[in-house]
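S.K.: One letter stands for each residue in the lines below.
2 protein chains.
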Amino acid sequence: MRSLLPLPPSRVRTMTGDRRLGAGVVDPSLLACPAPLRHATVQLAHGGGGRLTRELVERIFLPAFGSSAGAERHDCAVLEPPAGRIAFSTDSYVVTPLFFPGGDIGKLAVYGTVNDLAMSGAVPRWIAASFVLEEGFSIAELEKVARSMAEAAKSSGVEVVTGDTKVVDRGRGHGVYVTTAGIGVVPPGVEIGPANIRAGDALIVSGDLGRHGVAVLSVREGLEFEGEIASDCAPLSGLVCSLLEAGIELHCLRDLTRGGLASALNELALDAGLELVIDEAAVPVGDAVRGACELLGLDPLYVANEGRLVAFVRQAEAPRAQAVMRARAEGARAAVIGRVERQGVSRGRVTARTPAGPTRLLELLSGEQLPRIC
Amino acid sequence: MRSLLPLPPSRVRTMTGDRRLGAGVVDPSLLACPAPLRHATVQLAHGGGGRLTRELVERIFLPAFGSSAGAERHDCAVLEPPAGRIAFSTDSYVVTPLFFPGGDIGKLAVYGTVNDLAMSGAVPRWIAASFVLEEGFSIAELEKVARSMAEAAKSSGVEVVTGDTKVVDRGRGHGVYVTTAGIGVVPPGVEIGPANIRAGDALIVSGDLGRHGVAVLSVREGLEFEGEIASDCAPLSGLVCSLLEAGIELHCLRDLTRGGLASALNELALDAGLELVIDEAAVPVGDAVRGACELLGLDPLYVANEGRLVAFVRQAEAPRAQAVMRARAEGARAAVIGRVERQGVSRGRVTARTPAGPTRLLELLSGEQLPRIC
Numbered sequence: 001m002r003s004l005l006p007l008p009p010s011r012v013r014t015m016t017g018d019r020r021l022g023a024g025v026v027d028p029s030l031l032a033c034p035a036p037l038r039h040a041t042v043q044l045a046h047g048g049g050g051r052l053t054r055e056l057v058e059r060i061f062l063p064a065f066g067s068s069a070g071a072e073r074h075d076c077a078v079l080e081p082p083a084g085r086i087a088f089s090t091d092s093y094v095v096t097p098l099f100f101p102g103g104d105i106g107k108l109a110v111y112g113t114v115n116d117l118a119m120s121g122a123v124p125r126w127i128a129a130s131f132v133l134e135e136g137f138s139i140a141e142l143e144k145v146a147r148s149m150a151e152a153a154k155s156s157g158v159e160v161v162t163g164d165t166k167v168v169d170r171g172r173g174h175g176v177y178v179t180t181a182g183i184g185v186v187p188p189g190v191e192i193g194p195a196n197i198r199a200g201d202a203l204i205v206s207g208d209l210g211r212h213g214v215a216v217l218s219v220r221e222g223l224e225f226e227g228e229i230a231s232d233c234a235p236l237s238g239l240v241c242s243l244l245e246a247g248i249e250l251h252c253l254r255d256l257t258r259g260g261l262a263s264a265l266n267e268l269a270l271d272a273g274l275e276l277v278i279d280e281a282a283v284p285v286g287d288a289v290r291g292a293c294e295l296l297g298l299d300p301l302y303v304a305n306e307g308r309l310v311a312f313v314r315q316a317e318a319p320r321a322q323a324v325m326r327a328r329a330e331g332a333r334a335a336v337i338g339r340v341e342r343q344g345v346s347r348g349r350v351t352a353r354t355p356a357g358p359t360r361l362l363e364l365l366s367g368e369q370l371p372r373i374c
Numbered sequence: 375m376r377s378l379l380p381l382p383p384s385r386v387r388t389m390t391g392d393r394r395l396g397a398g399v400v401d402p403s404l405l406a407c408p409a410p411l412r413h414a415t416v417q418l419a420h421g422g423g424g425r426l427t428r429e430l431v432e433r434i435f436l437p438a439f440g441s442s443a444g445a446e447r448h449d450c451a452v453l454e455p456p457a458g459r460i461a462f463s464t465d466s467y468v469v470t471p472l473f474f475p476g477g478d479i480g481k482l483a484v485y486g487t488v489n490d491l492a493m494s495g496a497v498p499r500w501i502a503a504s505f506v507l508e509e510g511f512s513i514a515e516l517e518k519v520a521r522s523m524a525e526a527a528k529s530s531g532v533e534v535v536t537g538d539t540k541v542v543d544r545g546r547g548h549g550v551y552v553t554t555a556g557i558g559v560v561p562p563g564v565e566i567g568p569a570n571i572r573a574g575d576a577l578i579v580s581g582d583l584g585r586h587g588v589a590v591l592s593v594r595e596g597l598e599f600e601g602e603i604a605s606d607c608a609p610l611s612g613l614v615c616s617l618l619e620a621g622i623e624l625h626c627l628r629d630l631t632r633g634g635l636a637s638a639l640n641e642l643a644l645d646a647g648l649e650l651v652i653d654e655a656a657v658p659v660g661d662a663v664r665g666a667c668e669l670l671g672l673d674p675l676y677v678a679n680e681g682r683l684v685a686f687v688r689q690a691e692a693p694r695a696q697a698v699m700r701a702r703a704e705g706a707r708a709a710v711i712g713r714v715e716r717q718g719v720s721r722g723r724v725t726a727r728t729p730a731g732p733t734r735l736l737e738l739l740s741g742e743q744l745p746r747i748c
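Sequence lines, in order, name chains A and B.
For the record, in the first sequence the residue sitting at position 296 is 296 according to my numbering, with numbers rising by one throughout.
Quick note, my numbering runs 374 ahead of the 1-based positions in the second sequence.
Hints are computed from structural coordinates only; laboratory data are not their basis.
All C-beta atoms, glycine included, are put in the ideal place defined by N, C-alpha and C.
One or more of the hints may lead you astray.
Covered by chain A, per the in silico footprint, the following chain B stretches (three or more residues, Cβ under 8 Å) [as the list claims (entries may be wrong)]:
| no. | region |
| --- | --- |
| 1 | 416 to 428 |
| 2 | 625 to 632 |
Interface residues of chain B toward chain A, partial, derived using beta-carbon atoms under 10 Å [as the list claims (entries may be wrong)]:
| no. | residue |
| --- | --- |
| 3 | P456 |
| 4 | F462 |
| 5 | F473 |
| 6 | A492 |
| 7 | G547 |
| 8 | H548 |
| 9 | Y551 |
| 10 | L670 |
| 11 | P729 |
| 12 | T733 |
| 13 | E737 |
| 14 | L738 |
Residues of chain B placed beyond 12 Å of chain A at every Cβ, according to the derived structure [claimed, not checked]:
| no. | residue |
| --- | --- |
| 15 | R412 |
| 16 | R459 |
| 17 | A461 |
| 18 | D465 |
| 19 | G476 |
| 20 | R499 |
| 21 | A502 |
| 22 | K518 |
| 23 | K540 |
| 24 | A636 |
| 25 | R664 |
| 26 | G731 |
| 27 | L739 |
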């Protein structure tokens, strides 16, 4: 069996009953409370397509993701989007550790794909989830990840409609890697992307930066900072929806993940062929994150976030866009941080005015600041 | 940067030029012949979202997958499907070895998702590809995989439109794991799935079984068999399309991957609540595969395929369906192998009439016959 989810949970439980009893009779007790899995850790056979794969799907994934979409179809989900454009995105998640303050790999995998879709102005709808499990991984932890994904899906209005599970030999994975793909529906008239960035646009970030990277790193390195730093891991689709509903003309959106604000801006400056200038003092960074970054020798502008975006809007609309963001919890610390310069000899470049006065060039990182952060 | 593909290659090369020269001037020589990558093996920083990630995307993935879909959008592709239903599917690929007679992990990853979509009668259209690379993996092999995926996409009429790359520490992966997700368009009126299986339906397999599993295993174990056994790895969407165009009423389709024919039939028997009976002598298995299976103690009915399906059609349409399959190269050895029994006490069961006379029960595998076969 290749897919996780095709059948609504009620029907699947019936089938489990059928098979256990061997002769087409359903034991009603099985419907209420499925027996625990035979194994406490992942076995190679959980990826073999046989009885153990089916057990894993029926006992762990279906109860978590139970969905009506694609019922009756094992190899894929069949969906009915409204007519028009769809957005399609994918991301793999290999974060270590799997659980960190404010989130876990499951939440990250759902929100990450939801956010990628939202950056095109799409309303995220459906998620496919694929798991590469390491032999010996704890089934209880896998269940925690699946439940967390299900909660994250619910809170961001998407349905996990199909999936897959593979198992690799011990030492050839790291517990679990999750890959999500997502489909969203782009409302008519919405056109958001680097090509729409214009000289004079204002840059607005949706909140304080660096929390995700520092939260993950603090667990990984066993560090404790004053005031717990929790990941900013959150869906951004609601925020984008609020901006669109308020009639803000969004030129471009980008979520600030690996490589942080500086990397995202470099990508966009290159793609749009324009210069971006930010005022470093205006970039919101929490005191705890700032302190941790100083201690660790990290630049908060390059640290990963998982619930932050930068928006490009016309200068005149910037105050209203900032206000719309601030009206939401995940945008409470939104701030205008810079602008797009007229195209010139410096196109493709990102500079920061520092509090001390001189400007510094924010370059695309050559190395890896924080590996396996998402 | 999260996605692989948003820009058409021409534009990306221009940007690479921009950045290399630092001041908005394009060196035309860069457009013609991009320089080789700075590293011969995958570095952690290739997954960091900075300069090396961009280099990998621009030099390896974009030249392979170069696509116009989703241009200008970095976080996802924006697509325009015709109105109506879409099919959505995902699969991870962890096969070892990465290259085997008749295929490789890249081909498998494209055809596997194409085939999952085709099993619902959908015409596969778009693929998202996500890579989990192991630090130290050869860039040359990665390029081989990407090129193979591009060829497979071309030959099955799909476009790779978006993607992602992550890098895990040495010893936490196995060269490369690939996850593909796919979107297909389901033609109006097409309804294919286990719920449509009817008592009396004929079962037709599209070709000889077991080649993929034996091909992979032979490389893995360093075995040589009389006559090279190449994987059957192939797209099935053309075959399905031919059946639909011929007006065959397809009740259900299933590709015969992990766990082989026996596992697929068990899944379907359980899902449809019907008994399936096959005539083992009618199941096409090549002599070389049969010999290898005897030597290895494998049952060919449980060995993985990657380019074979079983179709459920009305008994009266079976000869014509078989003829339509046989008219295509990948269906040349199609054969009617059994039928669906009336629902009774044996529903959910699969039995095989053996050449010797008695019937045997084909059970869902409890263990793992061949790990990491796809």
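S.K.: All the hints need checking, so say for each whether the structure fits it.
M.R.: Going through the hints against the structure:
| no. | hint | result |
| --- | --- | --- |
| 1 | 416 to 428 | holds (count 11) |
| 2 | 625 to 632 | holds (count 4) |
| 3 | P456 | holds, 8 Å |
| 4 | F462 | holds, 5 Å |
| 5 | F473 | violated, 17 Å |
| 6 | A492 | holds, 8 Å |
| 7 | G547 | holds, 7 Å |
| 8 | H548 | holds, 5 Å |
| 9 | Y551 | holds, 6 Å |
| 10 | L670 | violated, 16 Å |
| 11 | P729 | violated, 25 Å |
| 12 | T733 | violated, 17 Å |
| 13 | E737 | holds, 8 Å |
| 14 | L738 | holds, 5 Å |
| 15 | R412 | violated, 9 Å |
| 16 | R459 | violated, 5 Å |
| 17 | A461 | violated, 5 Å |
| 18 | D465 | violated, 5 Å |
| 19 | G476 | holds, 20 Å |
| 20 | R499 | violated, 10 Å |
| 21 | A502 | violated, 4 Å |
| 22 | K518 | holds, 20 Å |
| 23 | K540 | violated, 5 Å |
| 24 | A636 | violated, 9 Å |
| 25 | R664 | holds, 21 Å |
| 26 | G731 | holds, 24 Å |
| 27 | L739 | violated, 3 Å |
Figure legend: structure checked against the earlier numbered hints; hints not met, in rising order: 5, 10, 11, 12, 15, 16, 17, 18, 20, 21, 23, 24 and 27.
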